[in-house]
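Undergrad: Could you build the full structure based on these sequences and the hints that come with them?
Just so we're aligned, residue 13 is where the sequence shown starts under this note's numbering, counting upward by one.
No lab work stands behind these hints, which were simulated from the structure alone. Incorrect hints may have been included.
To be verified - Heads up, simulated SDA-like pairs for lysine to any residue below, C-alpha to C-alpha not over 25 Å straight-line:
1) K164 / F208
2) K164 / E211
3) K220 / K119
4) K167 / I99
5) K207 / E185
6) K167 / S98
7) K54 / N197
8) K164 / R133
9) K119 / F58
10) K167 / N202
11) K119 / Q153
12) K198 / V76
13) K198 / D77
14) K218 / P203
15) K82 / F208
16) K74 / V140
17) K167 / E131
18) K82 / R193
19) K220 / P203
20) K35 / E212
21) K179 / E131
What the hints assert, rightly or not - Have a look at the derived ranges for each label pair, beta carbon to beta carbon:
22) E134 / T57: 29 to 39 Å
23) E160 / F29: 36 to 46 Å
24) G80 / R155: 15 to 25 Å
25) H169 / Q219: 35 to 45 Å
26) S120 / P203: 26 to 36 Å
Heads up, the beta-carbon is just placed ideally off N, CA and C, and yes, glycines get one too.
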Amino acid sequence: MSSRNGIVRQNTTKSEFFDVCCKVMLIGDSGVGKTCLLVRFKDNTFLSGSFISTVGIDFRNKVVDVDGTKVKLQIWDTAGQERFRSITRAYYRDAQALLLLYDITSKSSFDNIRAWLSEIREYAQDDVVIMLLGNKADSTQERRVRREDGEKLAKDHGVAFMETSAKTGMNVELAFMAIARDLKNKQTRNPNDPKFCLEEYVDQEKQKSGCCG
13 MSSRNGIVRQ NTTKSEFFDV CCKVMLIGDS GVGKTCLLVR FKDNTFLSGS FISTVGIDFR
73 NKVVDVDGTK VKLQIWDTAG QERFRSITRA YYRDAQALLL LYDITSKSSF DNIRAWLSEI
133 REYAQDDVVI MLLGNKADST QERRVRREDG EKLAKDHGVA FMETSAKTGM NVELAFMAIA
193 RDLKNKQTRN PNDPKFCLEE YVDQEKQKSG CCG
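TA: In structure tokens:
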């Protein structure tokens with residue numbers, strides 16, 4: 013354990029150092045691509061074909077660099093099936109950020125977002141960071157949810173939004189890094205520092221990359 017700029021740097025292995033640790037949860041209906049999104053971010057690979065759905069809770073760690081600060085993201089992958097919802101709810105309270113996913117090819121997964129948001133308001137911390145993700149954006153021919161509808165829903169609930177594709181990697185890195193930056197700023201900013209706005213940051217980064225998602 014070492015100290016840098018007033019931050020205690022911790023390590024869990026000989027090579028894994030971090031300054032701050034943040035718990036992030038992936039939530040949403042079963043089949044929206046939560047596990048695929050996590051694997052794309054963690055290992056930069058895509059789980060093609062069929063695979064076993066998440067049972068209960070699983071998690072992976074990844075340390076990322078945000079302006080010289082090592083941020084450890086402890087990312088919890090949750091089951092979307094109703095029979096596991098009580099397990100998922102038990103983990104809300106300690107989460108600092110929630111990535112809420114729907115599948116752009118599944119109208120029902122989008123329609124259920126409001127129920128997920130209600131559950132978040134009931135069980136999660138009041139200051140939890142929320143980002144809405146319309147996943148499987150590469151499946152343009154099968155699209156059932158317009159991007160504009162996702163944007164409107166996010167705006168109505170005051171959360172950040174983007175479309176992602178675990179298959180192509182579109183916006184996956186941006187989604188997690190934006191969350192990491194927000195959480196890092198919350199934990200390390202001085203009282204006089206300007207407040208970080210997740211929605212503005214996401215919009216700016218999407219414009220830089222020329223991505224409309």
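Undergrad: Confirm or reject each hint.
TA: Hint-by-hint comparison with the structure:
no., hint, verdict
1, K164 / F208, "22 Å, holds"
2, K164 / E211, "13 Å, holds"
3, K220 / K119, "30 Å, violated"
4, K167 / I99, "29 Å, violated"
5, K207 / E185, "22 Å, holds"
6, K167 / S98, "28 Å, violated"
7, K54 / N197, "22 Å, holds"
8, K164 / R133, "19 Å, holds"
9, K119 / F58, "23 Å, holds"
10, K167 / N202, "28 Å, violated"
11, K119 / Q153, "14 Å, holds"
12, K198 / V76, "16 Å, holds"
13, K198 / D77, "15 Å, holds"
14, K218 / P203, "28 Å, violated"
15, K82 / F208, "18 Å, holds"
16, K74 / V140, "20 Å, holds"
17, K167 / E131, "18 Å, holds"
18, K82 / R193, "10 Å, holds"
19, K220 / P203, "29 Å, violated"
20, K35 / E212, "22 Å, holds"
21, K179 / E131, "29 Å, violated"
22, E134 / T57: 29 to 39 Å, "35 Å, holds"
23, E160 / F29: 36 to 46 Å, "43 Å, holds"
24, G80 / R155: 15 to 25 Å, "40 Å, violated"
25, H169 / Q219: 35 to 45 Å, "23 Å, violated"
26, S120 / P203: 26 to 36 Å, "45 Å, violated"
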